[in-house]
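Participant: Each chain is listed here by its residues.
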Amino acid sequence: MYSRLLLPMFSIITRGLVLSIILIYVIALFYGFLFNLKSNIISYLSVKTDLLDENLANLVGHLIPLILLIIVLSFSLRGKRIYMAILSFISYYSLSMLFIIIAILVYTIYYEYVYNIDYQPELMMLNTSLILAIITGLLITVYPQSAISFKKVVNSKIIGIEVSSGTIELRTGETLRIMIYGEEHHIAVSSEPRDSIILSDRNKTIAYTYIDVVPASTYGGYLNIYYKDKLVYKLKCIYKEVNYRKIKFYVHYNDDLVGEYEVKVEDYKDLLSAFTHILDATIAKLGIERDDIREIQFYTEDDVFIPSTTKIRELEVDKVKAKIYAREKILELLRYYGKKDVYELWDTLIRRLEFLREKVSWLIKELDTTIEKSHAIIDNWW
Amino acid sequence: MATLIIFDDMVKLSIYLENLEHNKLFLTRYPRRGLKGKQLVIEDLVYSGVKGRKSIGQVYKIAINYSDKLVFKDKKYVLLVNGASEYDMGLSLYVLNNILNNIDKPEILVLTRAPPRNSSDLIKASFYAWFKTISLYDIIFNYRVNGSFKYLLLNPDTPLHLIRYLIMLTDKIMHSIYSLLHIKLKRFLLPIAELYVLAELLKYRGEYSKIAEEYKYLLMLMHGVLDNAPTDLWSIARKKRHVVEGSRFITKKIIEKKDVLEKSIYSILEVLVRGRRYTSPMIDPKALLEKLLHGTPISRIYPEINISGRIELLSNISSNDLIDTYDLGVVNLVRNTYRYLVITPDLENYVKEDNVLVLDKGVGEISVIEFNETPIHVDCRINTDYLPFDFYEAYLDRSGIALSQLYPPETRIQNKILKPYDIHRVNPVNYHGYIEYQDEKCSTYIKSFLKQLFS
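In order, the protein sequences belong to chains A and B. Each residue of the first sequence is one higher than the one before, counting from 39 in our numbering. Each residue of the second sequence is one higher than the one before, counting from 212 in our numbering.
Any given hint might turn out to be false.
[Unchecked claim] Estimated spans, in silico, between C-beta atoms of each pair: (1) GLU410(A) - ASN276(B): 44 to 50 angstroms; (2) ILE509(B) - ASP239(A): 38 to 44 angstroms; (3) HIS413(A) - SER331(B): 32 to 38 angstroms.
No wet-lab data here; the hints were simulated from the structure. Glycine included, every Cβ here is placed at the ideal spot set by N, Cα and C.
Chain B on its own, in the form it takes in the complex (with noise of 0.2 angstroms):
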């Protein structure tokens, strides 16, 4: 089982990584509570200087510092990074350079938030930075060991769930997918439990009107009660006073529940009519509803709407209307795409299909998943907005004032040390780049460093 290797700014994906039987180890600023899993404080007040954030540099800085602490050991990793922190890049870079200089044969993957396009200028050219050095890395790493390192960018507003699944996957994922990928998917759901907690809850919509009215009658018939009645029934009533006060809390609280029933009716039939960005029904809810109401029992509803059929018409669903998980930037060409239908436990006997990924639990699910080894190569023209233009903009400002809050002071490989600028002279390539085009002529630069890493 990999170890999750969680940095401090995607601490908050935690609760949805709890289920999971990965190790965890958290990389944090200071002392977080409530984290199921290891905790390791790296902290960055500790580097006297400027305030605020910072830099890639600085962090890596920090990081050796903490050098005796942080140890790694086992095979397999998975890194989550977010783009946006320079904290997390710093970082992950460290960890990255720990592993490769200590670990023989590691496998790893790196998920990385993307940052969003109305980011800072500071953070665009970092991440730029970072994905460059990434990709260098990727190159190293493959270099060694075919497939022993993936890595893939996700839009800056992706779903957590989403992340979550993707970590899922990744451990069914065969080892022969690996450097950059682009993933597109498509989830869809059969609405069962949705059907039923929407009929229950339209059960308590009428339940709670029936007794609004039954107060409101009550309470006048007392009242009608009380205008013409003989004085000692008066002195009765008042002992039964705290009845009657009390009564007044509650219609007050099935005025506010009222509001809420309706609410979450609302919202779970936006779902189901809507569906949501990556989500869609599986089959037309009140279709479904329908089958529901004549009688059909649940065991018998998969015969009934033909499954097997369904399943097949859903894998063939064309790659165009799959959605990207990253989507700032253009993929121009793919080298390779493996397309997977992952579906949960109870399908499993009504599938056909081959390239099957079963999850663990769940019910009633099936995704249509697609890897695309994405070849990155700016020298050769290759996937060059991968990034898009004002990320290359931004770093093309800032490399000029401050290279060496970009990248790691210095990057040791084999026993050979990288300086910042060593790594800004190279334009972003990756394995599957570097591979396929180092017999072109626009990769001589490229060919010769990596001929210098090497040697």
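Extracted from the complex, chain A is given alone in its bound form (with noise of 0.2 angstroms):
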């Protein structure tokens, strides 16, 4: 999938151009350096029929311009990026224009036919502007009002990518960034695997919305980009060349040495993230919850702190201590505890286990004829 149509090229560029035409075209009308009017449209309406006397006219001429320009502006400029704002700005102030010239030429047709006089000139520039309102409207309403452009941030610069195979490349280092323009709104991006590709979140600058993209593993994924629910990008994401290191963690719970582990991780994740794999596994095998866990800490061997965020990269030693510390629960309860005799909590806590004994031996036979109802009622559909 490859929309060329959203291309800065043809929906920026290309789009302003035409628009601008019109624009100019339309002010010209307006104050009547086309068509051999000599005056704006307006005085043309006061002098043509007996609607206006010409002081009012030559007032209204003047001021029409100029409250629309102010209306429409402060309009169009709201959640938009510059470009864009420019674009509609243009398109609906000529557009505005465009109709108070049709209304005011349907009018002079009118009066000339009820009157016998000749309507010819008008007739032809009533349809001039019928025809560049639709352009107009067509231009702003069905053609999308946003844009999307590839970019490639190498080293803090910005280097333009060609996306028309299908697939990007990345080296080590590099990011992907989606720069939006115009409605950002209705574009959403996503990754397919969910995780594979890491999405940052919307940055914005005057110009345009942008977002980075780096892909999670060498394997990558595939970025989509949707606009009002329709896929329009469909992009494979990977990195060309990758180089690994080996490290080796001693994972520490609660100063207590649980695990060593050597995995061999891609050199530009950081600490934290190369880490993650393992902290699941640890906490799988502990069996802790997640939420529970405080703190995670990295240390060199002779006990130097690493910070989380230093890049694999950067990272002078290939032995890591990796301390996570928990809440233990049953700690909190022992001290809770710990104030009666400890006599009676054994006491306690052994009849506390005969109750749920029983208990779970009821819940047991409970279950039991339910599940054969379920049985039984699964039974009758056939």
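Grab the two chains, each in its own frame, and use the hints to assemble them into the complex.
Facilitator: Here it is in structure tokens:
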């Protein structure tokens, strides 16, 4: 999937050129530089018909473009970045001017028709204005008011990138930047499989909104870009050349050594994300909840602290101590019971255990009847 | 009340038939235990000769030896035959012949499970021959008394529930429907009981995980206490050893039961979402659950979901959406179609339609069932493919070698005796097929055959 219509080249520049030509034409028509009018179109109305007197027409003719400018400018700037805001301003401005012109021409033609005056030139002006109004309307409503471009960020330099092949290959340290111009809330970016690509939050600059994209592993994944629920781009995003480093983690849980793991990790990751999978494994092994973990720290073998955001590439040692600290629920309970007599505590525990045992056997009996019931019920569906 | 005659290879159906009030007669090869009803053993081991399967002809001969035991006195019969078993087929022919010659004005229904497409040629050929013979019986019985003989075929994998359902319905079908019946049906259930059980199971799941958690902490705590306990606590603890040891067994049980629990929840959900072949939920279970959760009492649920409108909607379901109970062959032509709405007694007040059959028990269940009277006349090319073509091919192969295996050695009808070759020469024709097309040119042979038979 590759939609050229959403490229800035077409969406902004080409459309902008067409719209600005129309704007120039409309302003020229309004002030009477075309079709031998010799005065602006409101004065023309007062000369041709008896709707306005000439003084008022002069005033109105100068006021209308200004008032329109203020109104249209204020609402078209809202919610859009600057390029698309200018575009929408141009189009709505010329559209509203065209409507005024069309209204005036229609009234004039009607008047001349009633009094048997030749209305051929006005009809021609009306036709061209109508066609222009339709073109402007189409360009601003049917054509999405958005544009997307893809850039690569290498050492904080922005470089253009060709995406027509459907695959984006990044080297280590490089980031894909998706720039969104215009109505950004219509555009959604997602990755498939879900965690294969890391998407940053949306950052706004004055000209565009951008999302930084980094594949989570060497295998990468697909990047889907939607415009109003329609898939417009499907790009594969992978790392081309990746260096691996062997790191040995000594995992400590509450200062007890619980395991040693040697893993190969991509060197663009930071220490914490390289450790994530081992952390999951350790949690599973110890049977603790993820929410109970309060702190994870990294040390070298001679107990020098390493910040968790250090890149693997910049790490100087190959062996890392990872210390996980968790809240122990048993300790809390013990602290509560510690005040009481230990014999009494033991007695309570045993009684509770006996109670639980009875409860479980009762529960199992109840469950068996329910499961039997469920079998009978399922049997009834044939 | 009709007598159910269940042949040996349909005996596994007996559990499903326990609640029916019919008299039951089991005809089995050897004494079987746990059957509720009269049992008559017709041993096919007596017949010396080939080992293994017996053919229709052989079984028929065995049955003749037992003729003093096989005596029938009732008027109404329902025969359950497995078409994949020569034993069932041969014996059923003997039973029919017996009824034909001894009982005045009987009423008979033959329910048959067709053999699967991949069964051996011998079975396919036997089934074809049996079907031909049964169709002949159809003509004879109905010729004497209109409406006295009905028979129908079912898929090889028909759920046993469906067979029971059809037996229950036949008591209520009128006499006007007869000869070969092709049945289509669809069943709709109101899944209140399912939702109730589902809720109960979910409750147990929550309780189980809570208890498992508590167990874990309790044992950890005991560890912690014992770790830094004075020595005399240890001696106290040793006395309670059986309590701790016993809890190990319970933990194991909890884990086991949790698996069963998950599986039950899954299968109930599967049934609610997908339904089964013949059965679907009457309304979207989610909507019903929402209604129940919002506090609608069960007694108000019928008006709340506008049950009579729903019944009207379901009863007008198109014939193509009903599921065939037999789809090995193709039905090209149907003579009469009778459509019924089958409901449970609790829905009786909500139904406005005609042609309603009310079941004796059950709750919240609607079925739409269609009985199609199907004529068969192979000479006139009427429904020639009702039995698949490979059945016919197998029959052709087989009949050349051993005709006496496929048919009874002799069939006695009204003091006339039919030999296997006589029946072999007739193509499958049933009552409706014969009656409709007796004036056509194509049916001259069968006409003269029957004339001879009835003269």
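Participant: None of the hints should be skipped; say for each whether it holds.
Facilitator: Now the hints, each set against the structure:
Checking the proposed 44 to 50 angstroms range against GLU410(A) and ASN276(B) shows it holds: the Cβ atoms sit about 46 angstroms from each other. Hint check: ILE509(B) to ASP239(A), Cβ distance near 50 angstroms, so the stated range 38 to 44 angstroms is violated. Range check, HIS413(A) to SER331(B): about 35 angstroms between beta-carbon atoms, so the 32 to 38 angstroms window is met.
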